[in-house]
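Engineer: If you want the building blocks of each chain, they are given just below.
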Amino acid sequence: MSEVITDKLAGRATANDVTVTVGATATQSLEQGLAKAWISVSGSVAIYGSFNISSATDHGTGDYSFDMNNAFASVNAYCQTATVFTSAQGRTSTRNSGRDAAGTLAAEVSDASGTLSDGSSNQAAHGDLA
Amino acid sequence: MAGKIIADTLEHSTAGSVTTDYVVNGSAKAWIDIPLGAASINDSFNVSSLDDDGTGDFGVNVTNSFGNAFHVPTASNSNASSTVLVNCVVDSKTTSAIEASTIYVSSTANRTFIDRDAHITSHGDLA
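Top to bottom, those sequences are chains A and B. Position one of the first sequence corresponds to residue 1417 (our numbering), numbered consecutively onward. Position one of the second sequence corresponds to residue 8 (our numbering), numbered consecutively onward.
Keep in mind the hints are simulated off the structure, nothing from the lab. Hints may be right or wrong, so weigh each one.
[Said to hold, decoys possible] Rough simulated footprint, nothing fancy, chain A against chain B, three-plus residues with beta-carbon under 8 Å:
no.	stretch
1	13 to 19
2	58 to 68
3	98 to 108
4	117 to 129
[Claimed, not checked] DEER-style ranges, computed between Cβ atoms:
no.	chain 1	residue 1	chain 2	residue 2	range
5	B	Asn-68	A	Thr-1437	36 to 44 Å
6	A	Ala-1504	B	Gly-10	31 to 39 Å
7	B	Asp-58	A	Asp-1544	39 to 47 Å
8	B	Thr-21	A	Ser-1471	33 to 41 Å
[As the list claims (entries may be wrong)] Here's a subset of chain A near chain B, in silico, CB distances under 7 Å, partners left out:
no.	residue
9	Ala-1498
10	Thr-1520
11	Glu-1524
12	Ser-1526
All C-beta atoms, glycine included, are put in the ideal place defined by N, C-alpha and C.
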């Protein structure tokens, strides 16, 4: 078994351009495939676990934002996926485009009728950091 | 010639180590940020094109295909200022495409299409 011990991987020509083999022959960008931020958070913004998240803010019932340590290049430069984890039926979590920013993930949690409701959620985002 | 490292483990001096199968399997193989109406692509990775199949109905075509149809798309959408609860759902998937839609459920219809910003990420094995 081979092992690389290092604190940093960087491309020779371009720092964020490292190729990794991900199929029988297919390759892809290592940087592009990595989640740049994720958070598992309660409905009262207690952070269960996170990566590249500096703080979580509760803006009211079911209305949350999560500031990042290192921001994305722009508000449209990332793909945010979300889910809720709750025993209540019919709840969902969506990205809140009325509050998000390059350095802020924003999310809402709603109940089955579409009304904002406090709830735990998971958020993850892929894209290009600034 | 480009440099190449063949290794089973990566180890950081303080943050721990990860076997490289987690890097390969844990990396998203495709993702896309779709603006309202699916008329364009905000940003994406390993996506060749986006089909606008009608209101709230779209298809994402990937550049490098998955090895099988059992890759795992996750989807979400923006819901700001909405008066109905909208969800982005994956309708079907093949090795080279993900068909998805943004819909809401009302008291009279189980599935009503509506345009929303949408975000899809998929993990799995490329061919």
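Engineer: Provide an ascending list of the numbers of those earlier hints which the structure does not satisfy.
Structural biologist: As far as the earlier hints go, 2, 3, 5, 6, 7, 8, 10 are violated by this structure, in ascending order.
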